[in-house]
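**Q** Here's the letter readout for the chains.
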Amino acid sequence: MNEPILRIRNIESFYGPIMAIRGVSLDVHPGQIVSILGANGAGKTTLMKTVSGVMDPEKGRITFDGQQIQGSEPHKVVQKGIVHVPEGREVFPLLTVDENLSLGAYTLSDKGQIDHDRDLVFSYFPVLKERRGQEAGTLSGGQQQMLAIGRGLMANPRIMLLDEPSLGLSPLLVQEIFGILKRLNDEQKMTMMLVEQNANAALELAHHGYVMEIGRIVMDGAADVLLQSEDIQNFYLGVQEEGARENRRWKRKKTWR
Amino acid sequence: MDNAQLLISGLANGCVYGLIALGFVLIYKATEAVNFAQGDFMMLGAFVTIGLTNTEYMGLPFWLALPISLMIMGALGYLIDRLIIRRLFGESQTAVVILTIALGFVIRFAAGLIWGHEPQTLQNPLAGKEIRFGGLVLGMEDVAVIVVTILLTWGLYVFFSKTKLGLAMQGASQNQLAAYYMGIPVKRVQGFIWALAGVVAGIAGILFAAKGSVDPTTGLLGIKAFAAAVIGGFGSLPGALAGGLIVGVIEPFASRYVAAGYSQIAPYALLLAVLIFRPHGLFSQVRVKKV
Ligand SMILES: Nc1ncnc2c1ncn2[C@@H]1O[C@H](COP(=O)(O)OP(=O)(O)O)[C@@H](O)[C@H]1O
Ligand SMILES: [Mg+2]
Numbered sequence: 001m002n003e004p005i006l007r008i009r010n011i012e013s014f015y016g017p018i019m020a021i022r023g024v025s026l027d028v029h030p031g032q033i034v035s036i037l038g039a040n041g042a043g044k045t046t047l048m049k050t051v052s053g054v055m056d057p058e059k060g061r062i063t064f065d066g067q068q069i070q071g072s073e074p075h076k077v078v079q080k081g082i083v084h085v086p087e088g089r090e091v092f093p094l095l096t097v098d099e100n101l102s103l104g105a106y107t108l109s110d111k112g113q114i115d116h117d118r119d120l121v122f123s124y125f126p127v128l129k130e131r132r133g134q135e136a137g138t139l140s141g142g143q144q145q146m147l148a149i150g151r152g153l154m155a156n157p158r159i160m161l162l163d164e165p166s167l168g169l170s171p172l173l174v175q176e177i178f179g180i181l182k183r184l185n186d187e188q189k190m191t192m193m194l195v196e197q198n199a200n201a202a203l204e205l206a207h208h209g210y211v212m213e214i215g216r217i218v219m220d221g222a223a224d225v226l227l228q229s230e231d232i233q234n235f236y237l238g239v240q241e242e243g244a245r246e247n248r249r250w251k252r253k254k255t256w257r
Numbered sequence: 001m002d003n004a005q006l007l008i009s010g011l012a013n014g015c016v017y018g019l020i021a022l023g024f025v026l027i028y029k030a031t032e033a034v035n036f037a038q039g040d041f042m043m044l045g046a047f048v049t050i051g052l053t054n055t056e057y058m059g060l061p062f063w064l065a066l067p068i069s070l071m072i073m074g075a076l077g078y079l080i081d082r083l084i085i086r087r088l089f090g091e092s093q094t095a096v097v098i099l100t101i102a103l104g105f106v107i108r109f110a111a112g113l114i115w116g117h118e119p120q121t122l123q124n125p126l127a128g129k130e131i132r133f134g135g136l137v138l139g140m141e142d143v144a145v146i147v148v149t150i151l152l153t154w155g156l157y158v159f160f161s162k163t164k165l166g167l168a169m170q171g172a173s174q175n176q177l178a179a180y181y182m183g184i185p186v187k188r189v190q191g192f193i194w195a196l197a198g199v200v201a202g203i204a205g206i207l208f209a210a211k212g213s214v215d216p217t218t219g220l221l222g223i224k225a226f227a228a229a230v231i232g233g234f235g236s237l238p239g240a241l242a243g244g245l246i247v248g249v250i251e252p253f254a255s256r257y258v259a260a261g262y263s264q265i266a267p268y269a270l271l272l273a274v275l276i277f278r279p280h281g282l283f284s285q286v287r288v289k290k291v
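Residue numbers (full-length UniProt numbering), protein chains in the order written: chain A, 1 to 257; chain B, 1 to 291.
Okay, chain A solo, but in the shape it has when bound:
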């Protein structure tokens, strides 16, 4: 198999004295979708923040395309081609859809490239084109998620870190968004690291999966193998209860938008 584009080795990350990531290693190969599964609080978001440079690891190495990037400033990481589509959308609420997309391309300066990327985003998310002049805060949850993904694409990334893109969305919308992610992977060869609690959907989409528990990787394997595994089946059933809680949390969060 080809060399991994993203190689994470023995990463440890802390919130103050709390150790949230306890020695995680994983590989993402170019063109692959790698899913990271795990219950709430397992450390999936923290792992992504550590890759994108929003948090610095205490120990360990992260290698992207042969270069070590652990502890780099977030804007340096984006310039290298890693974009983080955060949990909970995090759009710029008072800026328009178009302006949000423009900020996604902040690290680029080639106007032609930016226009091309914007057309690409609109071809995958036609609703964003219809609403390009609308303030992002007034979009529905699903549209905001599409904007968050589209804004990530505007950075012209080589790998996207997608943190729970299905959070709080209806099953139909989840299907739509996962369909678009699959197309992006097939047609644009976009490499993705996907965090999900919706294990079934994530493994259907992914090539490879990792399972995290309290800051550690406890299992990994090819996605189709994991799908059949009994542990995952149990884990997946466990997640369904979590789903309801997530929904409530999203509702609470949504009130301030």
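Hints in this document: simulated from the structure, not taken from any laboratory.
The structure displayed is predicted, hence computed values, not measured ones.
Every residue, glycine too, gets a C-beta built ideally from N, C-alpha and C.
Heads up, none of these hints are tricks.
Pair by pair, the computed Cβ-Cβ distance ranges are:
| hint | chain 1 | residue 1 | chain 2 | residue 2 | range |
| --- | --- | --- | --- | --- | --- |
| 1 | B | E118 | A | E58 | 52 to 62 angstroms |
| 2 | A | G71 | B | K164 | 19 to 29 angstroms |
| 3 | B | I223 | A | E58 | 44 to 54 angstroms |
| 4 | A | Q113 | B | E56 | 49 to 59 angstroms |
Dock chain B with the ligands against chain A, hints included.
**A** Quick look at chain B with the ligands alone, frame taken from chain A:
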């Protein structure tokens, strides 16, 4: 004096309050902290320009002194962020607020030391000129203040909505975390916002010193501008300007029609009323607040 003339001179004062209020809001939106030295920045901008252009000091030509003084104010804002505020990263916003109050004391002290405590005015080409307009006699300075403020407002609008850096400033103030994720160098952008706040304070100071006199305590009128910013809804730039205009216009009318001793509290009475009846300000963008 005619009501229309009261209105014009009130608007001219209001422009200065509005520009200081704009500085408050710029920094508040970027850093969630209030820079209580903003009024003193204004005073400093006035004295720096006086120092450059007045004949008893350096005596540079007025139009040369302007850009130099604005550059000095911009650099000062940038350096204050870079060397002082950024050190407090991670500390509570109260720490930043207390620091800016202390900074105000330092600026007042330094200005007194350098330029003395006597009131001074900026020697400028418009001084003493008048415009007659219908039956009105308007001070040229008042008109210039209003015109400059309108132009500056328009320029800021274009900057914030059309330029990449302006958009990034908006983004960083609406959702700082998302700005990091998008690769916006948030700290550098905040430095630019402090620089911009310094330039705007400089312009306010120049306008103020062109139409009246300044002394080192002049910056204390920043408290009126603070009221103006609150009246306008602390998160909104147009609101800050509008709040400034409202306070500016209320003052001369209150002192004309309300008994002396009560008239001075008019802006604060309005502030109180706004806080009670529209706690987010008259022109607030309530959705902007996230927590
Ligand atoms: N800002 C924070 N401060 C302190 N602890 C945190 C913070 N964010 C997350 N944690 C803790 O770190 C652990 C991992 O959290 P997180 O990475 O968000 O998990 P996940 O994304 O898998 O739900 C959890 O135990 C959580 O309580
Ligand atoms: Mg998470």
